[in-house]
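What follows is each chain in one-letter form.
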Amino acid sequence: MIRYIIRRILYLIPLFFGILIIVFAATRVAGNPVQLMTTQNPHITPEARQHLTEYYGLDKPLYYQFFIFLAELFQGNLGNSYALRGGIAVTTLIGDYAWLTFELQLAALFFSLLIAIPIGIISAKRQYSKLDVTVTTTSILGTCIPIFYMGIIAIIIFAYFLGWFPAGGAHSILPERYPFGSYALDELWHMALPTAVLTFATLAPIVLLVRSSMLEVLRQDYILAARASGLSERSVVYKHALRNALIPVVTYVGLYFGAMLAGAPITEKVFNWPGVGRLFVEATTKLDFPIIMGITIFITIMTLIANLITDIAYGYIDPRIRVE
Amino acid sequence: MKRKSSTEPKLQVQNRKIRSKGVSQWNIAWRRFKKNRAALAGALIIGFVIFLAAFDALIAPFPPNATPGFYVGEARVPPSLKYLFGTDRLGHDVFSQVVYGARSALYVGFGAAAIAMSLAVLVGLISGYYGGLVDNILMRTTEIFLVIPFLLILLVFLKVITAIVPSGVGGLSIVMIMIGVFSWAPNARIIRGEVLRVKESEFIEASKALGASKRRIIFKHVFPNVLHIIIVLTTLMIATAILVEAAVSFLGFGDTAAITWGQQLQLANEAVKEAWWEGVFPGLFITLLVLGFSLLGNGLRDALDPRLRE
Numbered sequence: 001m002i003r004y005i006i007r008r009i010l011y012l013i014p015l016f017f018g019i020l021i022i023v024f025a026a027t028r029v030a031g032n033p034v035q036l037m038t039t040q041n042p043h044i045t046p047e048a049r050q051h052l053t054e055y056y057g058l059d060k061p062l063y064y065q066f067f068i069f070l071a072e073l074f075q076g077n078l079g080n081s082y083a084l085r086g087g088i089a090v091t092t093l094i095g096d097y098a099w100l101t102f103e104l105q106l107a108a109l110f111f112s113l114l115i116a117i118p119i120g121i122i123s124a125k126r127q128y129s130k131l132d133v134t135v136t137t138t139s140i141l142g143t144c145i146p147i148f149y150m151g152i153i154a155i156i157i158f159a160y161f162l163g164w165f166p167a168g169g170a171h172s173i174l175p176e177r178y179p180f181g182s183y184a185l186d187e188l189w190h191m192a193l194p195t196a197v198l199t200f201a202t203l204a205p206i207v208l209l210v211r212s213s214m215l216e217v218l219r220q221d222y223i224l225a226a227r228a229s230g231l232s233e234r235s236v237v238y239k240h241a242l243r244n245a246l247i248p249v250v251t252y253v254g255l256y257f258g259a260m261l262a263g264a265p266i267t268e269k270v271f272n273w274p275g276v277g278r279l280f281v282e283a284t285t286k287l288d289f290p291i292i293m294g295i296t297i298f299i300t301i302m303t304l305i306a307n308l309i310t311d312i313a314y315g316y317i318d319p320r321i322r323v324e
Numbered sequence: 001m002k003r004k005s006s007t008e009p010k011l012q013v014q015n016r017k018i019r020s021k022g023v024s025q026w027n028i029a030w031r032r033f034k035k036n037r038a039a040l041a042g043a044l045i046i047g048f049v050i051f052l053a054a055f056d057a058l059i060a061p062f063p064p065n066a067t068p069g070f071y072v073g074e075a076r077v078p079p080s081l082k083y084l085f086g087t088d089r090l091g092h093d094v095f096s097q098v099v100y101g102a103r104s105a106l107y108v109g110f111g112a113a114a115i116a117m118s119l120a121v122l123v124g125l126i127s128g129y130y131g132g133l134v135d136n137i138l139m140r141t142t143e144i145f146l147v148i149p150f151l152l153i154l155l156v157f158l159k160v161i162t163a164i165v166p167s168g169v170g171g172l173s174i175v176m177i178m179i180g181v182f183s184w185a186p187n188a189r190i191i192r193g194e195v196l197r198v199k200e201s202e203f204i205e206a207s208k209a210l211g212a213s214k215r216r217i218i219f220k221h222v223f224p225n226v227l228h229i230i231i232v233l234t235t236l237m238i239a240t241a242i243l244v245e246a247a248v249s250f251l252g253f254g255d256t257a258a259i260t261w262g263q264q265l266q267l268a269n270e271a272v273k274e275a276w277w278e279g280v281f282p283g284l285f286i287t288l289l290v291l292g293f294s295l296l297g298n299g300l301r302d303a304l305d306p307r308l309r310e
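If you read the protein sequences in the order shown, they are chains L and Y.
For the first sequence, my numbering assigns the number 1 to the initial residue and increments by one for each residue that follows.
For the second sequence, my numbering assigns the number 1 to the initial residue and increments by one for each residue that follows.
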């Protein structure tokens, strides 16, 4: 098992470098960032431009810039922002915003797994029943609604017409509006709507996956054997079938989590949630490349860690994987 | 599998004339497809949107980007007979704008899917058939594109490229190309897997024994046998591309000169409290079209998969 884990970690290193190169290329494909950032500014002099270029080390050759960037990265330094809060360090900035993003995405992932797995199982057990048809139809619809549209609808209904939840943000502006005067409860109250929307969006594909995986397993011979030997239906489904049916689900959870983190800008824009996603959109609009690279790398690392955990869990559930 | 069954009727045709036509792969698929009501509904939805896009100028009561409500104090009015879906802040007729948005959605959907699938088919076929070092290099590249935070990179590329391209130069095409270039990876992996499966078949071995070249085997024998997967993946890819374009426009990184549903949602998002109709209708059309392609894709998968044949 340890050899398997080490192999998985070694395997992620070239992946990480490949992504770094693409991210770096994305920020340099249009040439000098200073040139780009200052095209809108009519007052800038060529000297000022030159000065800025030298200040950020952008006059050096590209490969040199890339190695400097790598060297700094491994010391945990992602550079300073070009535009925000007087050139604040990117790591500090990400530190300020990351938790809010995680909180939302992890809560949604947790709830969607909690709901999706039982629903998928029940739906598979009663294939073609009314319940199954309802579940599958709702899930397919769920994968087709853009998450921001779902968010807008939820805001219109629950925030404006019913007034149950706030429409956006992570906190009330005035402390007097905190429920029972509690800061934490206020955050939870603000979190409810985005979490619900994100949960529904994540839930739909997982339900379909659990259902189809369960159906496939239930058709196998060893399930027939288990039934023939007189085991209760409960034991057949939850003990014998479930363990194998969850294998594809486990592999997808890592990928889903990566996709969810990368999709953070969308949810965070709809609900005006102050996380890294919203920060990323703001930085990209201003072409603030250190922040752009910082957040992309941060999310990539998180995705890779999620994949690693998935791989380990996969190896744990399915012993065949460990010995390739 | 397919070859075996198709040789027998052919021999019969040569010996004695049979009036009824032989049943081809596609006949069987069509017969199965016809029975699938969900898939037919999907095709109907797509047909409806294509109709909207084709005759948009006839269907929409106002010209593109017209602001009929602006000077007459009818900006941001709720749906009525005059403005079926209401008007927005600048007095645009939401219904007209939704109709004009159909063309953009289809353009990006089909275009991005064409690019993504061409890349995916190329990578999948080569990687799956040649194996070895080529496969290794291509698959590692594919994995990079699988793990990369897709939306983030897409936004950066769009922002940077629109900054250097003079404004008004094919903005929507840039969006389309970028979506295509960044979404081939998952499809390439599936196609590769399918190629690996087909490669082991006896008929491939037979043509190898007959001395067929690698290129001939790939394009004449392997490709037709993975075509059904490619068709299904293309349909689903169109749905994904439409969703991604909507998301990108919603975040404000799309082509501001084009009329797209995502863009309308972005504007609506600023005023959901005052004018729900601004966002509800364009979003409904995105959902509808994506649903259409998903249903069609799932239906095609059931109809075309030879393993599901009774």
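For the record, the hints were derived by calculation from the structure and aren't laboratory data.
Nothing here was measured: the structure is a model prediction, and the numbers come from that model.
There's no promise every hint is true.
[Unchecked claim] Derived, one-sided and incomplete: chain Y residues facing chain L with beta-carbon distance under 8 Å:
| no. | residue |
| --- | --- |
| 1 | R89 |
| 2 | I137 |
| 3 | M139 |
| 4 | E143 |
| 5 | V160 |
Note that CB positions come from ideal geometry on N, CA and C, so glycine has one too.
Verification of the supplied hints:
no.: 1; hint: R89; result: 16 Å, violated
no.: 2; hint: I137; result: 11 Å, violated
no.: 3; hint: M139; result: 11 Å, violated
no.: 4; hint: E143; result: 6 Å, holds
no.: 5; hint: V160; result: 4 Å, holds
When each numbered hint is compared with the structure, violations occur for hints 1, 2 and 3.
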